[in-house]
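Using the sequences provided together with the hints, build the complete structure.
Chains as they are written, first to last, in our numbering: chain A, 1 to 453; chain B, 1 to 453; chain C, 1 to 453.
No lab work stands behind these hints: they were computed from the structure. Keep in mind the model is a prediction, meaning the values are calculated, not measured.
Which copy is meant is left open, so a pair is good if it fits within one copy or across any two.
Under the rule of at most 27 Å between Cα atoms (straight-line distance), these lysine-lysine pairs were calculated in the DSSO-like manner:
#	residue 1	residue 2
1	K366	K134
2	K366	K241
3	K113	K373
4	K47	K209
5	K69	K373
6	K366	K69
7	K134	K373
8	K113	K134
9	K430	K389
10	K430	K69
11	K430	K134
12	K430	K373
13	K389	K134
14	K389	K366
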Amino acid sequence: MNSSAIQSAAVRAGIGPEMHRLITDLYPICRSITGEGLRKTLRAVGKLVPLTLREVPTGTQVFDWTVPKEWNIRDAYVMNSRGERVIDFQSSNLHVVNYSVPVRQKMQLAELKAHLFSVPDRPDWIPYRTSYYKESWGFCVSQRQLELMSDDEYEVVIDSTLQPGHLTYGECFLPGDLPDEIIVSTHCCHPSMCNDNLSGIAISTFLAKHLSARPRRYSYRFLFIPGTIGAITWLALNEEKISRIRHGLVLTGLGDGGKLHYKRSRQGHAEIDRAASHVLQHSSYEHQLLDFSPYGYDERQFCSPGINLPVGRLSRSPHGTFPEYHTSADNLGFVGPEKLAESFDACLQILALLERNGTFLNLNPKCEPQLGKRGLYGMVGGSSDAGVKELAMLWVLNLSDGNHPLLDIVERSNLSFDSIRAAAEALQQKGLLRECLESAPPEPAESLERTKS
Amino acid sequence: MNSSAIQSAAVRAGIGPEMHRLITDLYPICRSITGEGLRKTLRAVGKLVPLTLREVPTGTQVFDWTVPKEWNIRDAYVMNSRGERVIDFQSSNLHVVNYSVPVRQKMQLAELKAHLFSVPDRPDWIPYRTSYYKESWGFCVSQRQLELMSDDEYEVVIDSTLQPGHLTYGECFLPGDLPDEIIVSTHCCHPSMCNDNLSGIAISTFLAKHLSARPRRYSYRFLFIPGTIGAITWLALNEEKISRIRHGLVLTGLGDGGKLHYKRSRQGHAEIDRAASHVLQHSSYEHQLLDFSPYGYDERQFCSPGINLPVGRLSRSPHGTFPEYHTSADNLGFVGPEKLAESFDACLQILALLERNGTFLNLNPKCEPQLGKRGLYGMVGGSSDAGVKELAMLWVLNLSDGNHPLLDIVERSNLSFDSIRAAAEALQQKGLLRECLESAPPEPAESLERTKS
Amino acid sequence: MNSSAIQSAAVRAGIGPEMHRLITDLYPICRSITGEGLRKTLRAVGKLVPLTLREVPTGTQVFDWTVPKEWNIRDAYVMNSRGERVIDFQSSNLHVVNYSVPVRQKMQLAELKAHLFSVPDRPDWIPYRTSYYKESWGFCVSQRQLELMSDDEYEVVIDSTLQPGHLTYGECFLPGDLPDEIIVSTHCCHPSMCNDNLSGIAISTFLAKHLSARPRRYSYRFLFIPGTIGAITWLALNEEKISRIRHGLVLTGLGDGGKLHYKRSRQGHAEIDRAASHVLQHSSYEHQLLDFSPYGYDERQFCSPGINLPVGRLSRSPHGTFPEYHTSADNLGFVGPEKLAESFDACLQILALLERNGTFLNLNPKCEPQLGKRGLYGMVGGSSDAGVKELAMLWVLNLSDGNHPLLDIVERSNLSFDSIRAAAEALQQKGLLRECLESAPPEPAESLERTKS
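Below, the structure is given as C-alpha cells:
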C-alpha cells in the first residue's frame, strides 16, 4: 500500500476547470428529491465514476419517514391575457416551487399572489422554494417581475406529475485493503444552483475518480443522494453497513469565494474532526472550525443520537450566511474553478491523512531498540543534537503502544505529520514496528439488496 | 405538573417587606442552639408554614458529637456599687456570652475583665460570643461601655440554667411527584442579629410557603436547625433519608447589600452547582461564584466526605467579610426588603430550574423524526434559516439520549433554558420524547421517629 | 518516622564546596561506558556511601542490546616528525575519541585528518566524541591546534584495549519503612567534563549520604550507571524490581549557572511530576518545567513504553542548549558550589515532599468530628475567622477519603504543604486519621544476583 500516492497528486493542474465544466453541464437540469432530473444527474456522474443507481419505491417506510411520490415536470408558466408568458419554467426551473402539484387554471392576480414568492430586497433574484411534504403549488419570481404584473386574468399551468414511482440515489463503492469504510456524502436534489449543490457533486465525483485509480487502505463509499430523505433512506436500508463506517464527510457548498469551514461531528473529537482540523491548520487556506449543531445538511442524520457516526462537514461559506444562498444568484459565476480546486485539495489531504494515520505497536517496547545497528542512527556519538529524523523515530517508538494513532504523536511531538509517518515507515521496514489494523467485520458475502438497481 | 408555576411568581410584589416584618418580629428573641428562644422562633415560623418540631434529648450521641444540655436564660447584668446596671441583658441579649453558666457573684473590675469581650476598633458595637462546649461565662460590651467602667466592686448575675433537656429543630416537608428530595437548610441559633441568621429563616419560610401552594416535581424538605450541632443531629438521625436527597441549598446571610455569592458543593460540578451558576449568570443580579471550602456554615456537614451531598450555599456577603458580622451592628437596618426579595427570587429561580431540568429520551433516535407531519416545522422548505423554536427542537432531539439533562443542552446550544424547555414539552406532547424519571427509593411507609415531636 | 528530618537539613552549610571537591577529585579520570576509569569513579563514590559494584559480562543480552567489549586506555598521542606530541592524551583525555580501537601507525596529515574532530567556531575548545558501537578511532583537538598542524608524517598511537570484560555499575540501596522504592539515577560514563556528568554523580552521592543517616518512609535505590547501555542493562537484569518503583529522578547537569529545569515523566502528571512542580513553584529558584520528550538522558529508557515508570529529570541548563556542552569548556570553573547546593536542596525538597505526601483516611467521615473536645479548636466561638491551622485541619478531614494524597489537598486548598502536613499529623495523633500505606510486594527473600559483584 502506498497511500501517500493519494496525497502526492493533491492539486492536479486543471482539476478546477474540469469540475467547473461538470457543474456547467449539470446546471440546466431540473433536479428534485425524486424524478428524471435527479436520474439524469446521476447518470452524468456515472459516466465519470463507477456508480450504482438505487431505486427505492414510493411508500417505503424509512425510520419515521415514508419515501414520497415521484415528481416530474415538463413545463410551467403563467400567461397574461395577451398570451405572454410572464413567468416561464423554460427560462429558469427555479420559477416553479419544487414539487408543485399539477395546475391548469385561470385566475385573477389577487388569487395568484398567494402562490407567488419573491425576495423583496434582492429585486433581480428568483428565490428557491420547495413543498415536498405538503401538496401545494407555487411560482418563484424576481421582485421586479412581480411588480410588473398588473391586474389581469392569468392562465396558470404547471405540467407536472406527482405519482407513485421511486426515489433514486447513486452509490460509488471503492473497496480498499480494509473492510472499514469512509463515507463521503453529497446531496443532489437542488435544481439550477451551482454552489448548493453542484459544487458538492463535482468535488465528490472527482474525489471518487481520483481515489479509484490509486491504492487505498480504507474502502470508500460515495453517496449521491437527495437531501434529508436520501440520507434517511440510505441509513434505514443499510443499517448493517453502519458499523463499518469509521469516518465520514458531508460535502456541500464548496465553490464560493468564502473561507473553508469544517463543522465537527456530534462526537466532537473524532479522528475525522482531528484530521480535518490538523489539515486546515497546517494549510495556507483561510478556514474556520465550527462546533457541531443539529441544523445544517445531512450531518443532521448521520449525527442523530441513534446513528452518531463520526461524520463532519466541509463547506466554504455555510448555508444561510450569504445572500445568494437558495436563489438564482447561486449561478455559474458564483463558483470559481480555483476555489473548487482548493476545496478538492483540502478534502484529499484530509482523506490522505486518514489513510496514513495508522496506529503502530513498538515490538521492542522495553527500553529503546538499538537504532544504530540497524543503520537508523548517527554512528559517532557525542554530537549535540539528534536530527528531526531521529527525534521522529524516538517519538514514534515511545508512543506506539497500540493506543496512539500517528496523529496523536504528531500533536504531542509538534513534528510534522510527514516526518512522523516517514519515521513509522522506516521503523516498520526494520521490523521494529507492527501496524495495528482496524478490525471491522468483513462485508457479508451476499450483500443485501433491498432496492432494485 | 406545571412546575413553571414555581417560577412565574418569582418576584411577588410585597414579599420583601413581608420577610422584613418576620425578621422584625423575631429580632428580640434570645435564640441559642437549644432552649426556649429557639422554640419560640420555630413556633413563629410554624404559623406561616406546616412545620414539625423535633426534640432530641440531651446526651443523644450524634456521630462524633453529643447533644448538649439545654440552655435557658431569664436575666443577666453587671451592677456597680451604686446599684446601676452597667451591662444589662434586657437592653440586648448579645451582652451575655451565649451558653454562659449561672453566676451570682461580687467581684472587682480586674477579676471581671477576664470575662468581658469588646471590639476595640468599633467602639459602639457589641460583639457576639458563644461558649457552647466549654462551661464558662462572660459578658460582651461595647468598647465605650468598657472604658467607662471604673474600679469598683460589681455584682455579676447571670440567671441562666444549663440542664438536661432537648435540642429542638423544625422540619417542613412538602411531598412532590417524586420521592427525590431537595433540602433547604438554614440555621436559627443566633440571637438578635438580622442578616446572620434571621434573613435565612425569612427566605426559607417564604420559599416553603410559596412552594407549598404549587405543584412540585421534587419533594422539598426545609430544615430550620441550630448551626453545626443541628445539621449533625439531623444527618445522624435521618441517615436513611440521605440517599433520597438530590440537591440542596444552605441559605444564610441573604439580606445585606452585598452581591449574591453561590458557594459550590464539594462535588463542584453537581446539578445544583450548574443550576445556581446558570441562574446567576443569566440574571441581572451582581454575583460571584465561590469554590467549595470546608469552612463556612452547615455545608461543612452536608459536604463532609462520608455524606458528600450536592449541597451548595447561597449568601450575599460571605461571613467574616463585613465588619458588622457577628456584632450588634447586624441589626434591622442592615438588611433591606429589596435585597431580601432579590435573594428570594434567585433561590426560586434555582429551584424552578431544577424542577424543569428533566432528562429526556428521544424515542425516534435514528435520524430526525419528521417534524413537519406533526405540525412542528415550517411547511414550505428552502427558506434560509430555521427559527429558534425549530433549532431548540433539533438540539433537544439530538442530545436527548438519556444522558443529558436539559441544562446540558442549554449549555451546548447556547439557547435559553426557556426555549429548550418549551421544545422538550412540545416534543413530549407529540410522543417524540419520554422523560427519564429519577429513581430514588420511595419514603418508607412507617417513618422512623427516633425523636419525639 | 520523622521524615521531616529529611527536609530540615536541606541546605547544609558547606555542602556545595564538599560536592565541588568530589568533582575535583574525579575530574582527571578517563571514564567510559566500561573499564577502569568507570570502576575507579565508582570506588571513590563507594568511600562516601555504601555502594555495591555490579559487573555484567561482555556479550550479555540486555533487551535489544548486547553488553559491549570493555575498553581501557593507557596512552595516546600524535607525534610529528620532530618527535613532538602535537596531540597528547596525557594533557586531556578528551583528545581521544572514547572507545577508539588500538592504533600504532605512521601517516601523512591528509590521511590523519579524516580522524580529527574540532569545533571551528570555538577555536580553543576540545570536543567530546565517542564511538561505542562501531569500531573506529579518532582524536579530538582544538581548532587552533588543528590549524598549527603542518604537512608532515605523524606517528599515531592509541594504546587502548577493546576486549571481552565487564560493564560496571554501582547501586546504593537504602531500605525504608516501605518496600516501595524511589530510584535516583545518574550516568557516570563521561570523561573529564564537570557538569555532564560529575555534577550528577556528586549530587546523587551526597543525597544518598544524607538520606542514609535519616529515617525513611520509602526505600531508595541510587544507580550510578553508564548512560543508555547502563540503564538498559539495569532494567533488563532487574525486571522483578520494576513494579516496586513508585517514583524516580534522573539527575544530570546540575552545576552550571542556568536555571533549574524539571522534565516531566512520560506519564506527565505522575506524583513525582506534581511534587517537582510544586517544590520549584514554591521555591525562590529560577526554574522551568518541560514536557516529556523521548530525547535526553536515561529517562528515555525508564520512560520507554514497555517500562513507563514515573521518572522525571532534574537538570539546570538542558543538554545541547549551552556552547560548553560536550567540550573541554565544561570544566571545573563551569560548575559552581552554590549552584550545586541549590540543586541539592531542590532534590532534597522533592524527595522530602514525596516522603511526607501520605494519603490519609478520615476515620470519622460523617460530618465533622468535634475538634474542640480534643483540644484542636478554639474554645470560644463566634469570632470572625478560623486560623490557618484550623482551616488546614478542616481541609485534611474533608478530602481524606483515601483518594487524595496531601499534595491534592495542598493544591485544592491553596495552603502550604507544611501546614497541611502538620494538620494531618495533629489529626492522626488524635486518632481521627489513619494513613493509607502503599502496598508494593516486599523484596523477595533471595535477591536474584545475575551479575557478580
